[in-house]
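K.L.:
What follows is the residue order along each chain.
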Amino acid sequence: MTGLIAPVVRRLRPSDLGRVASVGVRTRKVRAALSALGIAIGVAALVAVLGLSSSSQAGLLAQIDRLGTNLLTVTTGKTMFGDTAELPKQAPSMISRIGPVTQVQQTGVTTAKAYRSPLIPAINSNGLSVQAASLDLPRAAGTSLAQGRYLNAATAREPVAVLGAAAAERLGIGRIRVGQRIWVGGQWFYVTGILRPGVLAPEIDTAVLVGFPAAERYLGFGGYPSTIYVRADTSQVDAVHGVLGATANPQAPSEVNVSKPSDALVARAAAQSAFNSLFLGLGAVALLVGAIGVANTMVISVLERRPEIGLRRALGATRGHIRIQFLAEAILLAVLGGAAGVAAGVAATAIYATTKDWSIVIPTVAWAGGFAATILIGAVAGLIPALRAARMPPTQALWSL
Amino acid sequence: MSPDMTAPGMTGTATAPVLELRDVTKTYPSTPPVTALRGVSLTVRQGELVAIVGPSGSGKTTLLHLMGTLDRPTTGRVLLTGLDASAMTDRQVARLRATRIGFVFQQFFLAEHATVLDNVADGLLYAGTPYRQRRELAAEALSSVGLGERLHARPTQLSGGQRQRVAIARALIGRPAIVLADEPTGNLDHATGQSILALLHALHDRGTTILVITHDREIAAHLPRQVDMLDGRIVADTAKPDTVSPAAAASPATAVSPAAAASPATAVSPAAAASPATAASPATAARRG
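These protein sequences, in sequence, are chains X and G. 1 is the number of the first residue of the first sequence in the numbering used here; add one for each residue after it. 1001 is the number of the first residue of the second sequence in the numbering used here; add one for each residue after it.
Just so you know, the hints here were simulated from the structure itself, not pulled from any lab data. Check the hints yourself; a few may be wrong.
[Claimed, not checked] Residues from chain X that keep clear of chain G, each with C-beta distances beyond 10 Å, as calculated:
(1) Thr27
(2) Gly68
(3) Gln90
(4) Gly174
(5) Gln187
(6) Gly220
(7) Pro307
(8) Leu315
(9) Val365
(10) Trp399
[Stated by the list, open to error] Residues of chain G placed beyond 10 Å of chain X at every Cβ, according to the derived structure:
(11) Pro1029
(12) Arg1038
(13) His1113
(14) Leu1137
(15) Ala1139
(16) Glu1149
(17) Arg1150
(18) Pro1155
(19) Gln1157
(20) Gly1160
(21) Arg1175
(22) His1190
(23) Ala1191
(24) Asp1216
(25) Leu1230
[Claimed, not checked] Examples of chain G residues lying across from chain X (beta carbon under 10 Å, computed):
(26) Thr1062
(27) Asp1090
(28) Arg1097
(29) Ala1098
(30) Leu1124
(31) Arg1170
(32) Gly1174
(33) Asp1182
Even for Gly, the Cβ is constructed at its ideal location relative to N, Cα and C.
Required output: the full structure, derived from the provided sequences and hints.
P.N.:
Printed below as a string of structure tokens:
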């Protein structure tokens, strides 16, 4: 007699596990698709939200790169008594003597207001400022003309104005016509051009720009610059940043503000993603609902497939074999949904980013995290049904018909 | 294990006990407790074809559960090929079922989405046999039950008799020590049922140990050995006494079997009985069923 040999229990081969786990999906395709749909929607929402915000960030950063990260602005600060300080008139020419500086342009705020016509009440100034501007300002500030012409040496002496993008809109001037004029500081100014929106220098958007000589002659402007736009060699930007204050106003360097607008924009781009938490929350709720759908499908599946469970036990399946089969089926359902969701989220991001001319950026955390989350969700959703299936006595499973 | 190992067998290998029940009782813990088996002792030897027959409630299904290690006795021992199943863990008895027991059920339990070949191959899924090898063995098993031409059909495309043949092939694929058939003809018409019985006889002639559970005395009468159950006890056994004598053990399995297989079958369905070689009869049986 051989006596009591303890038979060795074998684990299912991975390929066999795949076969038994896909039985439910293969035999009940519609039900599997519907229960995976919830997961798919949740994952698609998460991937699309993260992908879109990353792509829009990438788009903004690319735009900043195109406009140049070498722009520095010098603005008037406050005196130690809290009054608005003034930059010396010589500041631009002193700054232009710094070696790596390639361009210096300036604006000066006047006290004048701009209106569509003299009939507009003075209080309706639309938040527009009238600024004296130097002759190469648009290029230095990272914008350009949308229509018409900018100021030149001749028109800078005459009552001629160029409008920032927002200023043109608020004054109701959509395009330049011959003889187009606005009421600035108590007299007519002819409009010769409209600028494009300036990403790096948004303050120019709401400005009505006139020449320095014209501002002094017609608007009682003192000629002091209020903002100086400085372009420097990209590699030397930090060094220039360091000496800019002292160069612009050697007598009171502390009354000068120096900033790098591109840095502020980068920070703003990063901060934008915080606004996405609402959508991420919605995606998480969709995932939760999807998980409940998978769990529900699995519970029903276990009830329906009692004869199959009994048969498998009769064919030699252990409780562990049954447990892993149903657990793997739940994970498979969730992963199928997750894969569809990742694909849909990526597609949505790609389509939207293409229409916006952004580069397509899907953060690894979005697709890999979404995928890992579905495996976890499948495991959690399938756990209880799998345990119930494994606990079912084979006799009850087989003779329950 | 068995006290009578000295018993002379007809072929020398035919006398080893495959299944032994020793004073087995089973009480279900309901209120009031139901006692389904009251001290059953039974030995099935290699190469036997045995019918367990009894009316509903006689305990034969419970007996099947215990013999198939799907359930455990309340007291007593169940030994399969000398291994004491009542002392084993759940994992160990599962392994025992995977390698040494084949089941045939009244309701066939075939997977409708899978081909006949894959259904049969699943019989070795939990024995750890690789997929390719399972399919090869499944094709062999199917041709041995006369379905070698329908390997890639779905169960839904088959007749009831053919489906039961598929189920029998699935039970046979792992060359189990014993095949337990629970009312194998219960869902079939009479003629088809006879062809299934003819198939079981043919398998028995090739040395397979088969135990058939049925309520149908006519079916049981066709089989070499009959064990009658009533009210949780064995009331008659054609191989009596229960502690089997060498002669009794040998005779039903050898001398009686061909005669028993031939004679009743002739009375009922000459076509099926005339050719116990299964390949010919299932086709005709299937057309009739």
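K.L.:
If a hint holds in the structure, say so; if it doesn't, say that too.
P.N.:
Evaluation of the provided hints:
Once the 10 Å rule is applied to beta carbons, Thr27 (chain X) is inconsistent with being away from chain G; the minimum gap is 4 Å. Look at Gly68 (chain X): its CB is around 63 Å from the nearest CB on chain G, clear of 10 Å, so calling it non-interface holds up. No beta-carbon of chain G is positioned within 10 Å of the beta-carbon of Gln90 (chain X); the least distance is around 88 Å. Under the 10 Å C-beta cut-off, the non-interface status given to Gly174 (chain X) relative to chain G holds; the minimum distance is some 67 Å.
Consistency note on Gln187 (chain X): stated as away from chain G, and its beta-carbon is indeed over 10 Å from all of that chain's, at 88 Å minimum. Even its closest Cβ contact with chain G, about 90 Å, leaves Gly220 (chain X) beyond 10 Å, as expected for a residue assigned away from the interface. In this structure Pro307 (chain X) is not separated from chain G by more than 10 Å, as the shortest Cβ-Cβ distance comes to only about 6 Å. Its beta-carbon lying about 6 Å from the closest one in chain G, Leu315 (chain X) breaks the requirement of being farther than 10 Å from that chain.
Residue-level check passed: Val365 (chain X) sits 38 Å from the nearest beta carbon of chain G, beyond 10 Å. In this structure Trp399 (chain X) is not separated from chain G by more than 10 Å, as the shortest Cβ-Cβ distance comes to only about 7 Å. At roughly 13 Å from the closest C-beta of chain X, the C-beta of Pro1029 (chain G) stays outside 10 Å, upholding its exclusion from the interface. Against the 10 Å criterion, Arg1038 (chain G) stays outside the reach of chain X, whose nearest CB is about 19 Å from its own CB.
His1113 (chain G), annotated as away from the interface, has a beta carbon of chain X within 10 Å; the closest lies near 4 Å. The claim that Leu1137 (chain G) lies off the interface holds: its Cβ sits roughly 14 Å from the closest Cβ of chain X, which is beyond the 10 Å cut-off. No beta-carbon of chain X comes within 10 Å of the beta-carbon of Ala1139 (chain G); the shortest separation is about 18 Å. The Cβ of Glu1149 (chain G) sits about 25 Å from the closest Cβ of chain X, beyond the 10 Å cut-off, so the non-interface label holds.
Non-interface status of Arg1150 (chain G) relative to chain X is upheld: no Cβ of that chain comes within 10 Å, the nearest being about 21 Å off. With a cut of 10 Å on Cβ distances, Pro1155 (chain G) stays outside the contact zone with chain X, its closest approach being about 13 Å. Its beta-carbon lying about 16 Å from the closest one in chain X, Gln1157 (chain G) satisfies the requirement of being farther than 10 Å from that chain. Distance to chain X confirms Gly1160 (chain G) as a non-interface residue, since its nearest Cβ pair spans about 16 Å, more than 10 Å.
Annotated as non-interface, Arg1175 (chain G) keeps its C-beta farther than 10 Å from every C-beta of chain X; the closest such distance is 14 Å. Separation of His1190 (chain G) from chain X is adequate, the least Cβ-Cβ distance of about 23 Å exceeding the 10 Å criterion. Non-interface status of Ala1191 (chain G) relative to chain X is upheld: no Cβ of that chain comes within 10 Å, the nearest being about 25 Å off. Remark: the non-interface label on Asp1216 (chain G) is consistent with the geometry, its nearest Cβ contact in chain X lying 18 Å away (cut-off 10 Å).
Its beta-carbon lying about 21 Å from the closest one in chain X, Leu1230 (chain G) satisfies the requirement of being farther than 10 Å from that chain. Because the beta carbon of Thr1062 (chain G) sits about 9 Å from the nearest beta carbon in chain X, less than 10 Å, this interface hint is met. Taken as an interface hint, Asp1090 (chain G) checks out: its beta carbon lies about 6 Å from the nearest beta carbon of chain X, inside 10 Å. At about 4 Å, the closest approach between the beta carbon of Arg1097 (chain G) and any beta carbon in chain X falls short of 10 Å, and the interface hint on this residue holds.
Taking 10 Å as the C-beta cut-off, the interface hint given for Ala1098 (chain G) holds, the closest approach to chain X being about 2 Å. At about 8 Å, the closest approach between the beta carbon of Leu1124 (chain G) and any beta carbon in chain X falls short of 10 Å, and the interface hint on this residue holds. Interface restraint check: Arg1170 (chain G) against chain X, minimum CB-CB distance 8 Å, threshold 10 Å, status holds. Contact between Gly1174 (chain G) and chain X, as hinted, is supported at the beta carbon level, the nearest pair being about 8 Å apart and thus within 10 Å.
Given the 10 Å rule on beta carbons, the hint for Asp1182 (chain G) holds: about 9 Å separates it from the nearest Cβ of chain X.
Hints 1, 7, 8, 10 and 13, counting from the list given before, are not met by this structure.
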